[in-house]
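Trainee: Next come the chains, spelled out residue by residue.
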Amino acid sequence: MVDNNKFIVSHAPFWHDGSRISTRNYNMAFAAFPAILLGIIYYGMPAVGVVSLSISSAIIWEFVFCRVTKYSVTIGDGSAAIIGMLFGMLLPATAPWWLVILGTFVAVIIGKQIYGGIGANPFNPVVVAIAILMISWKDIFDFNEALINYDFDFAMVYPLAALKHFGVSAVDSFSMGDLLMGKQSGGIGSTFGLGLIAGGIYLIIRGIIRWEIALSFLAGIFITALIFNMADSAHYAGPAVHLFAGYTLIGAFFLATEDSSSPVNFISMLIYGAGAGLLTVLIRNIGVYVDGVIFAILIMNLVNPLLDKIKPKAIGKVA
Amino acid sequence: MIKRSFIGLLKPRLKYGSVAETPSLKQIPIPKEITLFSNCPFDKKNLLLKKKATVKTGQKLLLYKESDEYVVSSVTGQVTSISSYTGDFGLSYTAITIEVSDDEEIDDEFKDVSKDASKDASLEIIKNFLAFAPGNPPGKLFSDKDKSLNTIVVCCADSDLLITTNQYIVKSDIDAIKNGINILKTATGVNDIIMVASQSQMHELSTIGEKINQVNDTYPSALPHLIMKNILGKVVPAGKNPEDIGVCFISAEAVASIGNAFNSGQIPVTKTFTLVNKDGSKSLVSARIGTPAGDIFKAFNITLNENDRIIFGGPMTGSSVYSEKHPVQPDTDAIIVQDRDDIPVISDYPCTNCGDCIRVCPANIQINLLVRFLETGQYEEAADQYDLYSCIECGLCSYVCVSGMPIFQYIRSAKYELDRANTAEATNNG
Ligand code: SF4
Ligand code: SF4
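Which chain is which? The protein sequence lines are A and B, in order. For reference, each letter of the first sequence is one residue, going 1 to 319 in this note's numbering. For reference, each letter of the second sequence is one residue, going 1 to 430 in this note's numbering.
With the rest of the complex left out, here is chain B (with noise of 0.2 Å):
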């Protein structure tokens, strides 16, 4: 963990992880069983995916019926049970738990659809196939009549601190990412890419061929609304995304599971990810999507106590889970260990108004007004007078708060209650 330096005048230096010149990758062997987790409520009524059923590796498994929500199996198996699991704010989804048989056999679906796929089936493929292929390509969004995008973001930095995952992907399958890119543009037919790199990363990419735009290697300068400010030069509307302003992010990982997608005719079903372990150190660690953490930390000998943490994520962005049983997701780009005592206390001391956050806020935000409207709940005010939908999601208040305020975890369930006010209302009134 960074500390604040003697000098507390300066703003703190929250570097980026670099990979190593030549990281090496462990794999992790297929475990017994593996649990896919979808976004899906969790509606046993309409269930198509049935107890008992067996399933390929790689092969699509559609949720339920009316719904074009899928899970893409990473191993050969039964599923062995559908149940639903509680995430963020309390929300139900659908986990699907699939036990590993000893025989592999990959589904050959995918090899049928996109051999010789004509440009606008490829589309529809990257959106009915690779969702949940690793780095989560964003296919809704480039079928999505409503954004009309123009420009690709491709982001070969890690946006959080700690994780080298996008380059090790970039050091390691830089073919991957080139056809994969290549694949983008006749899909989509958005020539505008813009590669965004960390400086180390400027001459590995510079074969591609694509324009490629340097971002600072200070936390949170990767986050996709500073590229979006300081190198595309868009400042995004508070409480829009990049793509309602026709500009759409995705990871390298993500570029090359569809480059290798196409080539191999397989869906990738490995997710590679950053374990760092509770003194720090850090691995670069391959293993099947639905591995359970468990299976990782004794690949690694790491053995966890009471009260210690385990972080699916970065630091600042990432969130905490309650079991090692949770299993590796294809946006899982870290996994990190804390030690019980390395976690910060959270305090229930009000804002001492030290406006240490305000220097640090990238959005500008009068956070020291602003949580005194979370903290009592006065969320419309928040955000209508406060800029609470300005907050770009970095964590930095929090990071800094002297009084140790949980700011940006009151940051993000206002924003939460507010949408669930208002899509309750849309649906009283439509």
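Isolated chain A (complex conformation) (with noise of 0.2 Å):
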């Protein structure tokens, strides 16, 4: 005891659930698998070169800037490989090569890094990347233009555009089953509605994405088109439409859903959700763009701060 007495402060727990963010990061690009499946079999071996050099030249972005920086390099964990990832996936195949490395770069620098770092990011990295772009070069983004040269046994139309610019009429030829199937026209990873339904089940069971926010933002979506459609149904289109077109099913389980950028408290989760759904249906009916799944996440994520004070009280709390 004399020579020996040597004790160290505690760091309880000693126990930890072993979770991990490069788990999160996995099961997230296991989550999004079948539905760039989907689109690499529908869009060959583009698709797969556009995913494959976004989902890299994002880690390269991170990695560079970490050295360049003197901060430990943290491409480990998955997450720029995600932002990648996601960004490939919002993308149309025929997406040149000078887009998609500069998109990663807006995303993993400007989004991410320079804020800090994963955590620290006011705005979902993917979303502040394509907004730029979109905004940039808008012609690359509108999706009949670009995937003119493929040939399929589907209608090749994007339902939002055709929306847009041709009245409800036009997506009448849209079953629901076809949007589901992913025959439209649209981002790589953006059109299998099946694939991303069955990847977001499968996150929200996880625990992975906060349900609350995906499941908010479906229903801002459904009972803002239900309105629009009930008020005037020969200039809007139905919920459904909305509901599996454009970035609508990416946009909740992956894009509304990214962690930094979204609140965690129950009341503030549904307020997101929701409001990020309401401004979508608003920006595609009302306002100039053909999708506004990308603006009302960005919008949201604006307000993401507010939101935070709405708090459940804490218990002993004398108010």
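Think of the hints as simulated: they come from the structure by calculation, not from any bench. Any given hint might turn out to be false.
[Said to hold, decoys possible] With a cut-off of at most 30 Å between alpha-carbon atoms, the simulated BS3-like pairs for lysine-lysine come out as follows: (1) 313/A - 415/B; (2) 317/A - 15/B; (3) 240/B - 309/A; (4) 60/B - 127/B; (5) 240/B - 311/A; (6) 317/A - 145/B; (7) 311/A - 50/B; (8) 311/A - 127/B; (9) 240/B - 11/B; (10) 311/A - 15/B; (11) 415/B - 311/A; (12) 60/B - 32/B; (13) 70/A - 138/A; (14) 147/B - 317/A; (15) 313/A - 240/B; (16) 229/B - 309/A; (17) 317/A - 171/B; (18) 317/A - 415/B; (19) 32/B - 313/A; (20) 234/B - 278/B; (21) 317/A - 60/B; (22) 32/B - 11/B; (23) 313/A - 229/B; (24) 415/B - 309/A; (25) 278/B - 313/A; (26) 15/B - 229/B; (27) 147/B - 313/A; (28) 278/B - 309/A; (29) 147/B - 229/B; (30) 229/B - 311/A; (31) 171/B - 145/B; (32) 147/B - 309/A; (33) 234/B - 317/A; (34) 3/B - 311/A; (35) 11/B - 313/A; (36) 127/B - 115/B; (37) 229/B - 317/A; (38) 115/B - 44/B; (39) 240/B - 317/A.
Since this is a predicted model, take the numbers as computed values, not measurements.
Make one complex out of these two single chains by using the hints.
Mentor: So this is what it looks like as structure tokens:
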């Protein structure tokens, strides 16, 4: 006892449930895989090219950034890879290589790293990148134009563009089944509705994304679209098209739910999700953009710090 | 270690340990040397107890002049050293080492004072002789005039995971508990005794004839703050303890200590605890207070390797010690040996805002925001705006944190630092 009385500060708890950021990200990739696979089946090698380039360039950007700023290299956590993957999933298969590389630069460096890296980004990095590119190179995101050279056994039409330009009758030809099976034009990994839903449910069950956000987002879209549709069904499409076309599903399960830029309290999550859903339909129906998911999520990211103020009362708190 | 289930949407199911139908108890022989820890800061100048002093089993040892802090020797022998030891947060305490002699003699001071003690006297006796008995009976609280206790909660369930110590005492020594409760009632005048027990104990306890309330079998339901909220229906204000609102918590073991002490005229000196081996196997052990952990490992053929971990207390709230010489204390309900391969890594990753901690926190704290302040040492803000003091110290946030942040450690240090700053301020102003 005399010469060996050295004790150290406790670090309870001594157990951990084993969860890890990397495991979460692997699961995310796993959940997105079916949607990407169908995109590859439909669009072939160009799709493989875009997605691979997107993932690898995102990783490289993060690596370079960490090296330059002398932070420890964080690419092992898989978050850069996921950013690249999601970014690729949103692009048309015909996206040029420079756009992919530029996009991942914006996502990884401007969207995430300059704020201090993982957990510190106020906006979803992927959404930021897509938004900037969408504004700057509108034509590339005109899925009808972009994918014009593909010949499929289904009507190669981007439903939201058809809706915007030709009205409700133009989307009548889409059956629910077609939309769910990805028989529509769109981003590589964002058209296979069934795959995205399955992936989303998987992520919800595993507790990797917050179900409150995903479901309230879909509910927000459904209800808003329904109201528009009931008010003027000649002008505004019903909820089904809004739910299963464009970036809705990938937005619900993979974009709106990004950890850092979304709230964590129950009520806040519901407001956040429903707000994004509402804005999506508003932009689609009365805004100038064809799809509203991206901007709706950005706007909700912006109000997220305010939503964080709505919090349950801690126990024993004397108000 | 219980891992996250595949269905991560569900809350972790951390079930409390339960004791076998007829548990066996392994007695550790009296060691050659024991060490007693007192929470008193080491203060060489005012030391009353002297080196070389001979002490008897059950003898109360006053430590310092003008202080009523004491320890109780668990063996007969000679004091070989009185030194300082450094505990949590680098605080200094007093460690008394006693070399055990061959023949055991029982001290009879307690016998003399406790015999035919009057009602008022017994309260003082509990305070003055039994604070170092197994389970640390909170004698000081009982006689604290400021607190005006109106309820005593006897905790028969164990509050942290894996531990079955109190459950064992309930199984093996129910008469002592009964006796202890009667003594407590007369001594304190508090008639509102609430027994809190797990489902499997309800039957055993029914013979006691007191109100029994069942506590949920999932951690952290048996922590005092949650018992207060869920069973007593009283919410302890943030930063306060149950005794501040008139409720005193005492473990079944401490009650049994009181019962046994008055019954036998001897201060109990043997501590019962749960030993958890590297493979997770549990044994109930009894050893003299002050027995070094190493002696216990020897008795069980446990070998420790470099980088293994010794934990005193439960896996969620205990503390790790750095030496096999660390002794069993009156409040050591468990000793856990953790293999180095089972030790979770603490990372320097920041919070990713995943929200998992929010889902598990029983106190509704915005942990994702709180940690940002704690990490940067902004403790005042953490306390004022982010409910630092509502934390009931269950450790679940660290347990689930995807980033592997030592959140609970941050919280404890923040509270400690703030308390220290406040005390310093109070002394300066006073
Ligand atoms: S230790 Fe963590 S989970 Fe438990 S009450 Fe405190 S903040 Fe909440
Ligand atoms: S569990 Fe950890 S990473 Fe997740 S929100 Fe809480 S503190 Fe942040």
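Trainee: Holds or violated: residue 70/A and residue 138/A, Cα atoms, limit 30 Å.
Mentor: 36 Å, violated
Trainee: Holds or violated: are the alpha carbons of residue 147/B and residue 309/A at most 30 Å from each other?
Mentor: 36 Å, violated
Trainee: Decide if the proposed pair is consistent with the structure: residue 229/B and residue 311/A, CA atoms, cutoff 30 Å inclusive.
Mentor: Roughly 20 Å between the alpha carbons, so the hint for residue 229/B and residue 311/A holds.
Trainee: Hint check: residue 311/A vs residue 50/B, CA-CA at most 30 Å. Holds or violated?
Mentor: 57 Å, violated
Trainee: Between residue 313/A and residue 240/B, does the CA-CA distance stay at or below 30 Å?
Mentor: 17 Å, holds
Trainee: Is it true that the CA of residue 278/B sits at most 30 Å from the CA of residue 309/A?
Mentor: Outside the cut-off at roughly 44 Å; violated.
Trainee: Mind checking the alpha carbons of residue 32/B and residue 11/B for me, to see if they're no more than 30 Å apart?
Mentor: Cα-Cα ~47 Å, so violated.
Trainee: Taking only the CA atoms, is the gap from residue 115/B to residue 44/B under or equal to 30 Å?
Mentor: With a Cα-Cα distance of about 35 Å, the restraint between residue 115/B and residue 44/B is violated, given a limit of 30 Å.
Trainee: Residue 278/B and residue 313/A: Cα distance at most 30 Å?
Mentor: 40 Å, violated
Trainee: Checking one constraint from the list: CA of residue 234/B to CA of residue 278/B, max 30 Å. Satisfied?
Mentor: Roughly 39 Å between the alpha carbons, so the hint for residue 234/B and residue 278/B is violated.
Trainee: Could you grab the alpha-carbon distance between residue 317/A and residue 145/B and see if it respects the 30 Å cut-off?
Mentor: Measuring from Cα to Cα gives roughly 26 Å; hence the hint holds.
Trainee: Within 30 Å, alpha carbon to alpha carbon, are residue 15/B and residue 229/B?
Mentor: With a Cα-Cα distance of about 20 Å, the restraint between residue 15/B and residue 229/B holds, given a limit of 30 Å.
Hint compliance for this structure: hints 7, 8, 13, 17, 19, 20, 21, 22, 25, 28, 31, 32, 38 are not met, and every other hint is.
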